[in-house]
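Visitor: Here the protein sequences come in this chain order: A and B. So the first sequence is residues 1 to 311, counted in our numbering. So the second sequence is residues 1001 to 1285, counted in our numbering.
Source of the hints: derived by calculation from the structure; they are not laboratory data. Bear in mind that the values here come from a model prediction, so they are computed numbers and not experimental data. Backbone N, C-alpha and C fix where the C-beta goes; we use that ideal spot for every residue, glycine too. Among the hints, a few may not be true.
[Stated by the list, open to error] Pulled from the structure, derived: some chain B residues nowhere near chain A, Cβ distances all over 12 angstroms: (1) 1019; (2) 1052; (3) 1058; (4) 1074; (5) 1109; (6) 1147; (7) 1155; (8) 1214; (9) 1236.
[Said to hold, decoys possible] Here are some of the chain A residues that sit facing chain B, going by a computed Cβ distance under 7 angstroms: (10) 77; (11) 89; (12) 93; (13) 100.
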Amino acid sequence: MSEPIRIENLTKNFKGLRAVDNLNLLVKKKSFMGFLGPNGAGKTTTIKILTNLLTPSDGAAYLNGIDVTKDPKAALTNVGTVVETPEFYPYLTPNETLAYMGELHGMNHGDIIQRTREVLETVKMTEWADKRIGNFSKGMKQRIAIAQAILHEPSVVILDEPTSGLDPRGMVEVREILEDLKNEDYTVLMSSHLLAEVQQVCTDVTLINRGQLLRSGPVNELTTSTNLRRLEIRTIQETTGILLAKISQLGGVSGLEPLGPRDFGLSLTGGDEAQADLLTELQNLGLKVVSFKESGVALENLYMSLIKETR
Amino acid sequence: MIEITETVARSSKKTVAVAPSDVAQIGIVAKYDVLKYLRSRRLLGMVAIVVLVILLITALPPLLDESYPDGADAFMNMYAGYVAILVIVGATLFAGDAIVSEFQNRTGYLLFPKPVKRWVLLAGKFLASMAAMFLVLLVYYAIVLALGLVITGGFSVLGVESLLLAMMYSVAALSVGYLISSIMSGTTGAQVLTFAMFLFIFTMVVRLLTVGDVKPWFILTFAGDVIGYITQEPYPVEVTPTGEGPIAVSSFVPDVGVSMAVMVVYVLASLALTYFFFKRREMSA
Chain A
1 MSEPIRIENL TKNFKGLRAV DNLNLLVKKK SFMGFLGPNG AGKTTTIKIL
51 TNLLTPSDGA AYLNGIDVTK DPKAALTNVG TVVETPEFYP YLTPNETLAY
101 MGELHGMNHG DIIQRTREVL ETVKMTEWAD KRIGNFSKGM KQRIAIAQAI
151 LHEPSVVILD EPTSGLDPRG MVEVREILED LKNEDYTVLM SSHLLAEVQQ
201 VCTDVTLINR GQLLRSGPVN ELTTSTNLRR LEIRTIQETT GILLAKISQL
251 GGVSGLEPLG PRDFGLSLTG GDEAQADLLT ELQNLGLKVV SFKESGVALE
301 NLYMSLIKET R
Chain B
1001 MIEITETVAR SSKKTVAVAP SDVAQIGIVA KYDVLKYLRS RRLLGMVAIV
1051 VLVILLITAL PPLLDESYPD GADAFMNMYA GYVAILVIVG ATLFAGDAIV
1101 SEFQNRTGYL LFPKPVKRWV LLAGKFLASM AAMFLVLLVY YAIVLALGLV
1151 ITGGFSVLGV ESLLLAMMYS VAALSVGYLI SSIMSGTTGA QVLTFAMFLF
1201 IFTMVVRLLT VGDVKPWFIL TFAGDVIGYI TQEPYPVEVT PTGEGPIAVS
1251 SFVPDVGVSM AVMVVYVLAS LALTYFFFKR REMSA
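All chains should be modelled from the sequences, with the hints used to inform the complete structure.
Guide: Here it is as structure tokens:
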């Protein structure tokens, strides 16, 4: 059986700018794939091609084995999407909007009523079911967007930065909804630039930059395979320029930056052994180390190292 | 065509994952677009304009101490000349932003990733626009025919013919509005251009051609003049300058058959171009 999402040699040019460059990607069934990259990396363009909002310049994108460009209706039938915080018809209510979307997907009246109740409950919008969407906040619209994406219980859900633009509380609530999705039978592709979010929610991750694939695989494998960790160190004495220069010469150290008079951060290549050795070497330099800790998430370290490599 | 028959066995309440036929989807899109017209009060606003126009025209003769025309057709002719203006306002409201709003208002992000073809969306929206426009025209003609029956005691058969021509003209006007909507980048600009196209641009072209002694039979607004002329008995004839006498410029009158053909051509050409532009248009911003 074909993969739920398959992208082959996908390229998209915008007036001389190559937004997606010969990209290949596979999303396995029932996986929750995080789609990571800096701004302008080509994430949204790729998702727009997958959802028939853009036409590729070259290559192909398949949903459940069907080419989106050649037969979008068949390809998108079993797919739910949230792209770029969609706007809704302001004069319709969530109930009416979901009925409209459900009918386009071929749901019958009874299923629409039942599923509308369920998904509005999932996104905590039940009490707003009969209010016109025109007055809703961005966070409320985002929840309705997620509701319509899962209304017809698709096998594939594609989300483009679903927590973008939300306040911290809204982000937590949407993340809880995403966690719920992970526990169900969906195959999810979610673009994001929030690394902690991806590490928390996703089972797999794909990193792209400048439209090209950098790395793809299970989150656990990628984070353990990365040999780079970010450390933050605080010392008793002030770290002068001379001291910092000496530290930067130590083995495996890169990306050294002062964070305060007695604080600095660095990237270290190597595992636990290298980290222990570094502490010893810092002490040999005469530094009295107050704290010596890893900062950020493992995925962030991998992300930063890969992005730096492609600059 | 490939049909997806796979269903997700999540729970006992799994919904069907097969999209309806294109024809069924046209009906769905049309239904919700009509609902949008109703909720946005555009339709209600148009009906209010219709009632206001009828009130003004009906009130004018008594206010000027004049009597109403004797025959039902002559009475209808008093109103038929204003139908073209109603059609222009209707085309602006129901067609001017129909396509472009999906892009500018970002509702396309919701609608376009659904399993529905672009031509189906276009057909559904156009049907909704037609339904709204026809409703407005039917209300107008129904009130005027009823008034004619009460005031003159007769029923205007030519009024019914005028209604049919008005419906044809309105479809052509909507088609041009859709074409403008498919190529413009903003809703306001599209609506202003639709309005200006009929009220000023077409009218100016007709005037210029007439001055140049060229019959503007191929201009939509000229063809639309048949809506009023058809209620005149006998149908008016063209006057051309002979070189003698006071007539310096020809007075062209549209031929009914030719005008109907022109309207059909406008509908087909405009909708074909609309589909071409709509299908190619991307949600890139």
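Visitor: So, for every hint listed, does it hold in this structure?
Guide: Okay, the hints, checked on the actual structure:
The beta carbon of residue 1019(B) is not kept farther than 12 angstroms from every beta carbon of chain A, the shortest such distance being approximately 5 angstroms. No beta-carbon of chain A comes within 12 angstroms of the beta-carbon of residue 1052(B); the shortest separation is about 24 angstroms. The non-interface label for residue 1058(B) is consistent with chain A: the shortest C-beta to C-beta separation is roughly 33 angstroms, beyond 12 angstroms. Chain A leaves residue 1074(B) outside its interface by the beta-carbon criterion, the shortest separation being 42 angstroms against a cut-off of 12 angstroms.
With a least beta-carbon separation of about 4 angstroms from chain A, residue 1109(B) fails to lie farther than 12 angstroms from that chain, contradicting its non-interface assignment. The beta carbon of residue 1147(B) sits about 33 angstroms from the closest Cβ of chain A, which is more than 12 angstroms, so the claim that it is off the interface holds. Every Cβ of chain A is farther than 12 angstroms from the Cβ of residue 1155(B); the closest lies at roughly 39 angstroms, confirming the non-interface assignment. The claim that residue 1214(B) lies off the interface holds: its Cβ sits roughly 42 angstroms from the closest Cβ of chain A, which is beyond the 12 angstroms cut-off.
Annotated as non-interface, residue 1236(B) keeps its C-beta farther than 12 angstroms from every C-beta of chain A; the closest such distance is 45 angstroms. Hint status for residue 77(A): holds, given a least beta-carbon distance of 4 angstroms to chain B, under 7 angstroms. Given hint, residue 89(A) at the interface with chain B, holds; its Cβ is 6 angstroms from that chain's nearest Cβ, closer than 7 angstroms. Checking residue 93(A) against chain B by beta carbon gives a least distance of about 10 angstroms; that is not within 7 angstroms, so the hint is violated.
Interface hint status for residue 100(A): upheld, as the beta-carbon distance to the closest one in chain B is roughly 5 angstroms, under 7 angstroms.
When the structure is compared with the earlier hints, violations turn up for hints 1, 5, 12 and for no others.
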